[in-house]
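Modelling step: build the complete structure from the supplied sequences, incorporating the hints.
Number of protein chains: 2
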Amino acid sequence: MDLDAVRTFVAAADAGQFQDAAAALSITQQAVSKRIAALEKDLEVRLFNRTPRGAQLTIDGQTFLPHARELIRVAARADASVRPGRRALRVDVHSRRTAPAVVLHDFHRAYPRIDLDVVTLDADVHAAIAAVEAGAVDASFHAVPVRARHLPAAIRVVRVIDEHHDLLVGPRHPLANARAVTPAQLAAHRIWMPGMAPGTEWADYYDELAAAFGLTIDVVGPVFGNEALLAEIADSAHLATLAGERTRYLWPDSYDLRRVPVRDPAPIYPMSLIWRDDNPHPALVALREHLDSRHTRTRIPDAEVWLPRWGNTTVPPRPPMERGGTT
Amino acid sequence: MDLDAVRTFVAAADAGQFQDAAAALSITQQAVSKRIAALEKDLEVRLFNRTPRGAQLTIDGQTFLPHARELIRVAARADASVRPGRRALRVDVHSRRTAPAVVLHDFHRAYPRIDLDVVTLDADVHAAIAAVEAGAVDASFHAVPVRARHLPAAIRVVRVIDEHHDLLVGPRHPLANARAVTPAQLAAHRIWMPGMAPGTEWADYYDELAAAFGLTIDVVGPVFGNEALLAEIADSAHLATLAGERTRYLWPDSYDLRRVPVRDPAPIYPMSLIWRDDNPHPALVALREHLDSRHTRTRIPDAEVWLPRWGNTTVPPRPPMERGGTT
DNA sequence: CGGCAGCCACAACCAGACGTTGTGTGGGTA
DNA sequence: TACCCACACAACGTCTGGTTGTGGCTGCCG
Chain U
1 MDLDAVRTFV
11 AAADAGQFQD
21 AAAALSITQQ
31 AVSKRIAALE
41 KDLEVRLFNR
51 TPRGAQLTID
61 GQTFLPHARE
71 LIRVAARADA
81 SVRPGRRALR
91 VDVHSRRTAP
101 AVVLHDFHRA
111 YPRIDLDVVT
121 LDADVHAAIA
131 AVEAGAVDAS
141 FHAVPVRARH
151 LPAAIRVVRV
161 IDEHHDLLVG
171 PRHPLANARA
181 VTPAQLAAHR
191 IWMPGMAPGT
201 EWADYYDELA
211 AAFGLTIDVV
221 GPVFGNEALL
231 AEIADSAHLA
241 TLAGERTRYL
251 WPDSYDLRRV
261 PVRDPAPIYP
271 MSLIWRDDNP
281 HPALVALREH
291 LDSRHTRTRI
301 PDAEVWLPRW
311 GNTTVPPRPP
321 MERGGTT
Chain C
1 MDLDAVRTFV
11 AAADAGQFQD
21 AAAALSITQQ
31 AVSKRIAALE
41 KDLEVRLFNR
51 TPRGAQLTID
61 GQTFLPHARE
71 LIRVAARADA
81 SVRPGRRALR
91 VDVHSRRTAP
101 AVVLHDFHRA
111 YPRIDLDVVT
121 LDADVHAAIA
131 AVEAGAVDAS
141 FHAVPVRARH
151 LPAAIRVVRV
161 IDEHHDLLVG
171 PRHPLANARA
181 VTPAQLAAHR
191 IWMPGMAPGT
201 EWADYYDELA
211 AAFGLTIDVV
221 GPVFGNEALL
231 AEIADSAHLA
241 TLAGERTRYL
251 WPDSYDLRRV
261 PVRDPAPIYP
271 MSLIWRDDNP
281 HPALVALREH
291 LDSRHTRTRI
301 PDAEVWLPRW
311 GNTTVPPRPP
321 MERGGTT
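Same order as they appear, the protein sequences are chains U and C.
Numbering follows the numbering used here, with no gaps: position 288 of the first sequence is 288.
Numbering follows the numbering used here, with no gaps: position 98 of the second sequence is 98.
If you're looking for bench data, these hints aren't it; they were derived computationally from the structure.
Any given hint could turn out to be false.
Identical chains share a label here; the pair holds if one copy fits it or two copies do between them.
[To be verified] Pairs of lysine to any residue, SDA-like flavour, derived with a Cα cap of 20 Å:
id, residue 1, residue 2
1, 41, 87
2, 34, 50
3, 41, 4
4, 34, 3
5, 41, 114
6, 41, 83
7, 34, 46
8, 41, 86
9, 41, 85
10, 34, 10
11, 34, 2
See below:
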């Protein structure tokens, strides 16, 4: 199936005759005739009833028409996703299941007209910053444990999401029915977070959290996927894991897992939006305004939150977006 | 953009190198190289980083990949929609807003794996039967005011949907807060159904209904679309219209329209499924079973319903599906 | 350190696809 | 009956897109 033939088919269906479709496509009537004949031969079906007064769609043609339109629509989107200069807003998230992805989904619902491409570079902060600087992505959500003066000049970094944590436990766990839990309380329990590779930002964060409150965070064990992890936790009276408040999982209700907020202090994983100051993409402005208008920053007073050491050094808390917030 | 090039791109992305992709596509490595080079030139973007050990996707390539997959998926669906022998189940409905379309939507949700094409032939019963007989569509929903013995031999007709009626009124209408309304009560009110062209099955039905209960059904007036009709009714203290119970409209909540069931007797618009007995399409069986399992037939006792004259002559009520129901 | 293996790009060549011009056919119309 | 209109068929030239053959680059290993 040839996309040009499909486009020609749509043009002919809209025009009601090959002649006009040919004019619209700036080709000859004979070329239209051949293209559609080729498409019909390819699909092994007749799409038009030719008459001396034009061409009417057959029933098969009527059926094919919406699919054909969809096809060229998708092709246009695919094209727009990468073509330089007019491509969709491309935002890098560290994982498709964590808060930035959820926030972007929210953004997409709020602005369905804006073409958005969410990519996962699988890169650390520095590589992400380099990608933004190179223009490969328009923006990236990341924890940025780097002082602003060490960043490239064109790069802007603003803390936009404060992710709280919930304890995820099964119904038999002693904390299953707690309204909230303090980090100090967690010291008595084993927390299991398999697949937290050492050296990553996440591992650093949980190492620091564990050290600060004397927690036992277990990162060993093979990774069988979230499904297996959740099933295991649901069954266990001892195992628990930490999850970002906005984290989405494949979450079969049958597991009956409980989310218990961690508070007093509330450990926060602060994430920033990274972008180039001179990126002219109009949707980038919309995204920043959206982040500003949603309450993605914590409402808990500073005295009642816990941040990693770098959490306070990156950018000033709640910076005015206009000034870019690079301190 | 060439679909073959897109397919090649996906194959190369999956394989991680052009060589293997070429083998998978039964072409030479050079052809793969050329196709992807052509695609890159077309999109004006580099999709792969070529290395002596293979080819890795660039960020643009990563972004393009899901769009590419979607594109070939849509192309496959478009192909499957018409290709003889393996095409999607094609069902004709008289209108996309009436009960059969709603029921089909329900069917699609119940069996998302089944490819379904809903078409609107804009044909009367006889043309629809001819289309089914010719195999142009697999099935058609229609009111069938024809005795079965006058139908072609291969055609099966089973009454599957009994559509009740609601009165649609604005908040100022005297019947706005009624729990139900009888046809006799409606005689005192003006009912407006613009766009009911004379000679159609619907017009015949409402003519007969009007005659049976002495109603005033007004079919004159220009048709400005449902939107305008609903707005007009919402504003009026006198106007009302009849709508099938399962009818969907563009229905802005702000209109505050009320649906009042018509009962005692309940006028029913009976619709049948028409199909060819020898149609081997497996999804057709699923559709018939689905219709059988849902309560699309009325639960109101026969004594409390009103049917048009032809309503009882078409097929026996609640025929066992196994025997086809052509009486 | 040099040869080798693996992978991709470039060049030359050829077949076939595709568009053009020119012409034929059929049905409705003046 | 002659004409008009719309599409199909035929012939021809161009150019796309495939193949084979070859070269360059890089990493590995003897």
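To see whether the hints hold, each was checked on the structure:
For the homomeric pair residue 41 and residue 87, the shortest alpha-carbon distance between copies (16 Å) is at most 20 Å, but the shortest distance inside one copy (35 Å) is not. Taking identical chains as interchangeable, the C-alpha atoms of residue 34 and residue 50 lie at most 20 Å apart only when both belong to the same chain, with a minimum of 13 Å there against 38 Å between chains. Taking identical chains as interchangeable, the C-alpha atoms of residue 41 and residue 4 lie at most 20 Å apart whether they share a chain (15 Å) or sit on different chains (17 Å). With identical chains, the CA atoms of residue 34 and residue 3 are at most 20 Å apart both within one copy (14 Å) and between copies (19 Å).
Taking CA atoms no more than 20 Å apart as the test, residue 41 paired with residue 114 passes in neither setting, with 38 Å inside one copy and 26 Å between copies. Taking identical chains as interchangeable, the C-alpha atoms of residue 41 and residue 83 lie at most 20 Å apart only when they sit on different chains, with a minimum of 10 Å there against 33 Å within one chain. For the identical chains of this complex, residue 34 and residue 46 are intra-copy neighbours only, at 13 Å inside a copy versus 33 Å across copies, given an alpha-carbon limit of 20 Å. Taking CA atoms no more than 20 Å apart as the test, residue 41 paired with residue 86 passes between copies only; the shortest distance there is 16 Å, against 36 Å inside one copy.
For the identical chains of this complex, residue 41 and residue 85 are inter-copy neighbours only, at 15 Å across copies versus 38 Å inside a copy, given an alpha-carbon limit of 20 Å. Taking the shortest Cα distances, residue 34 and residue 10 sit within 20 Å of each other inside one copy (15 Å), while across copies they are farther apart (29 Å). For the homomeric pair residue 34 and residue 2, the shortest alpha-carbon distances inside one copy (12 Å) and between copies (18 Å) are both at most 20 Å.
In this structure, only the earlier hint numbered 5 is contradicted, and the remaining ones agree with it.
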